[in-house]
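Work from the hints to combine the two standalone chains into their complex.
Now for the letters of each chain:
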Amino acid sequence: MKSLKELKRILKQGTEGMPEVKVALLGDTATQLLATALKGEGAARGLAVDLYEGEYSQVEMQVLDPGSEFHSFDASFSIIFQSTHKLLETYSLMKPEARVQLAKERLAFVRTLCESTNGKIIYFTYPEIGDAVFGSYQTKVQSSFIYQTRKLNMGLMELSQEYPQLFLCDLAELQAKYGRDMFFQSNVYVSTEMILSVDALPLVASRVLDIICANRGQFKKCLILDLDNTVWGGVVGDDGWENLQLGHGLGIGKAFTEFQQWVVKLRQRGIIICVCSKNDEAVAREAFEKNPEMVLKLDDIAVFVANWENKADNIRRIQSILNIGFDSMVFLDDNPFERGLVRDSLPEVCVPELPEDPGEYLEFLYSQNLFETASFSEADKDRTKQYQAESNRVSYAGKFTNESDYLKSLGMESAVRGFEPFNIPRVAQLSQRSNQFNLRTVRYTEDQVKQMATDPDCGCLTFTLEDKFGDNGLVCVIILKKQDAETLFIDTWLMSCRVLKRGMEHFTMNTIVEYAKANGFKRIVGEYLPTAKNGMVADHYQNLGFSKVEAAETAQYELNVSSYEEKICHIAKK
Amino acid sequence: MERNKVLAEVQDIFRDVLDEEEIVLTDATSADDIEEWDSLSHIQLIVAIEKHFKIKFTSKEILSWKNVGELVDSTMSKLA
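Line order of the protein sequences matches chains D and V. Residue numbers for the first sequence follow this note's numbering, beginning at 1 and rising by one. Residue numbers for the second sequence follow this note's numbering, beginning at 575 and rising by one.
If we strip away everything but chain V, and leave its shape as in the complex, we get (with noise of 0.2 Å):
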């Protein structure tokens, strides 16, 4: 799958659990500049995409992601 794609998706997702439609993620979105994403947000997040592609993130992965482009490469390794 193409990373645009990827990522596009991933936009869905954030917008279909944080309640938000206005939600436009770059690779260079963090937490700090989405208000609703916080810690516990994160969890359903995580849960929402492994579900979406049928993948499993490992726990280290999950504490690693510093932006939206780290967490859509890890999605694009195991989709390869």
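Chain D extracted, bound-state conformation (with noise of 0.2 Å):
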């Protein structure tokens, strides 16, 4: 964690070059350092913070006039801090018989701020503070401090349900691992306003960014594990797999198994879990199979890497089969050298500085907050088949000389819907977080998904697909728009980039002509909109064979309905 004289070193630098995001700040204590530490922060992550501040304790009326400043600026993302001390002030100035209201009257402000404000919102939930006056009686009484502070934190978390576009900063959370002594100090508070000591700064900063990074697709989505004392106590290849410390019984063994334990909740969440160990893999897979006291199994491992390579190679050769960017990835290892050498030639691969205490990287783990993420779907939990799956698919593909052959080897079925209630969830995910095979980079939330899905204008397709070796699930997205009468305009296409290179944008080409003639359009017009990382799809509508539109600004493309040539391809209709 970087402090706050770093970030202000990072911010002096400038963020030239860097993409921009338009950021709101509102508080109801002084906020000019958590804003300094805010742009930081950004800074020294390659984001630009372009930031409104509001004049402190002026929430309220920047949010409840529509013509206000705060309105006008129109952020990306909106910061509304509200501080527990402000609303203990409200509520000590309240009439005792009010008390029992204070939630729902906060409540009731943050769902009209949320009714009122374009863009993600971003709020607070509120650390405790214990006001002592009923002792621990308060938790019996409806109308004391804490009992309204925890019922006001459900409400948020309620709430936050009800609106997409709300996101909360979990300060209640984050105080509660580093303690209120720390994060506030009143001689600091008193003398300036100022709610957030100068050491909590940096660390509230860092969460909010996580948060607007995960809303803009950077996220972590695979965790690459070293095996000997990074998943189990000992080295499987000297001690056996039967003396590994792992379990409640041997050595610090429980360590390792509640690590174990966190990381099978991760892969349950739908976080890729890969190994990258220094082993003979026999021996190292031994471990798994026989050591009754492991808690991760084979199962949830997507791919296994386990040989005496050099370990920067192996996360290359992992990276190909996930076909994820490095800056997705985790590394964890017990062992300094394979950090400092994994990080210095995969400078994008995240590599904590694992504490060398086995005992004490849970609590570390959970102070990096590695794995934010802006979504979550019930498809999430499959992905871990789905890469074995591709694992084995590489393997195989290696028998067949000639692709073609592959391809219709492979039995690939597809399932054309449009969208569903079903499946809106998975879409909007998909929006928000596809970068590489993604032609426009609209980013799209599930409100929005529904809206287009009942549109008479709009074409929403969605496709699946599946394979001898397993289901992917839905991979692909496409949105059209009526443009005029005659033409057909490609809003999103986008894919998930585990099925490159099988045909797919064949089948979903075909598919979108077919549309066009069903729906009288003669004309198709496709737009490419380069950013960091959808260099992939530069020449997509050429290969297609669509035709450049000289006229136009940006790099759009056109294809005429008659006269195109269905494409190839060893995908069925399912």
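Think of the hints as simulated: they come from the structure by calculation, not from any bench. Please note that the accuracy of each hint is not assured.
To be verified - Cβ-Cβ distance ranges computed for the label pairs, FRET-style: (1) V:586 to D:336: 25 to 33 Å; (2) D:181 to V:640: 29 to 37 Å; (3) V:578 to D:309: 38 to 46 Å; (4) D:368 to V:595: 48 to 56 Å.
Quantities reported herein were computed from a predicted structural model and do not represent experimental measurements. Glycine is no exception: its CB is placed at the ideal position from the N, C-alpha and C atoms.
Here is the structure:
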């Protein structure tokens, strides 16, 4: 974690050339240093934060007035920081009989905030302050401050489900980890109205930026694990699988067991788990198969690499199988040498500096907040199976000299559907997280996807892909918009990189043309908007036989529907 | 600790926090003399001095100093 001083220095170096993000900050206490920390943390992550900072203690005024500076700034992210201290002041000034309404009133305000603000909102949960008026009996008294604070936090979490654009930065949880004495410095507060201590500011800024980055599609998808002394205690090659420190009996086994439980929860959430270990593969696998104390099973591992080669090369191999960016990978290893090597060769991979004592792994990892996300859906759980299947596909492909023969042998099938209640969360999620195979990188929320589903001028298509190795689930999203009576515009074309080189783009193109014909369109227009990550589809439309629209200001391409020749592909419609 | 030594260490903290190697402090130096010393960096300076000397200033003290001399006096009184 960088200190405020370091963040200021990073900010001093300037943010030229970095992508810009518009952020508004309103607070009911002095927020100038929080503003500095946010901009500094942004710069440290390669983001130029264009910040509007409201005068302090004008939160209500700015939010409730539709013509306020806050609303006209039109931020992509609005950070609203209302503190427990000010809430306590409000509470203390209320008539005793009215105090039972505190949570309800604040929640009504947050609802108004959600209704009146464009863009995403980042609001904070309320860290608890026990005001010692009732003692522990406060838990029995509805009008006590703690009772109302907890009710408010629960209400905020419920509200965030009702309003998908509302994200909570969980300050209450953060303070529970570090303690109020670290978070709050009374002498600074009294002399300046600043509620967060100088040491807490970078932590809070970092959590806020985690949310912003996750919403922009930058987050971790994959955890790569070393084995000896990371996943279990001891060296399996020396000690044997039966003597590993695991479970509640042997040595410090408990630490590793609890670490494994954490990894399994991540896998269940949809994080891809891989192994990268210096071991004989058979010996390493034996520990998984035979040691009854292993919580982590081979089934949890998407790609298992155990050999004596350089770990950076092995991680490159894992990357080529998974086809995800290095910047979405986390590598955990107890050995500082291996960490240094991976950090030097693959600077984009996140390599946390694990503490020496395995007993401290978990508390340290909790503090890093490595796996922030902006969405979660049921389909995430199947991801490991899909990648395991991909791992098999890669080795199966080696047996065919002719790519077409190989594709034919896969027996691929795709189900084409519109946007329907069961797939809308997945569509929104893909829209939020696809970076590489994404022609225009327009991000849609679940609400927006729902609206388009019923818009007569929108053609919405989703594609699944299944083959003999398994079901990839929903892998492609197309949104077509009627530009005029004859012209259909491809607003969104995004695909999961898992299904590259399978002819999926041809199958999709055939389907788009079918849709155009069925609805009387004569011309299809596609557009490519370049980003730092979507270079792989720069020539997408030319490759599909579109011709460039010379007059257009952006890279636009058109296709005459009547002269389109159906592309050959080996995917059958399901 | 000698007063001169405290002043020298406070000067090092100013240089580090304000990221300005040229800063030279005397008892008479005030916020008017150093461009980077504003009400915001003041808080960072206080916190850094508290940490360095393992002391705690009162809210009143934070608002009372007119110059570096008074800040050093407060620090000295807590070290004794």
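Hint check:
Our hint of 25 to 33 Å for residue 586 (chain V) and residue 336 (chain D) holds, since their Cβ atoms are close to 31 Å apart. Checked against the given bound of 29 to 37 Å, the beta carbons of residue 181 (chain D) and residue 640 (chain V), roughly 30 Å apart, stay inside it. Against the hinted window of 38 to 46 Å, the Cβ-Cβ separation of residue 578 (chain V) and residue 309 (chain D) comes to about 60 Å, which falls outside the hint. Against the hinted window of 48 to 56 Å, the Cβ-Cβ separation of residue 368 (chain D) and residue 595 (chain V) comes to about 33 Å, which falls outside the hint.
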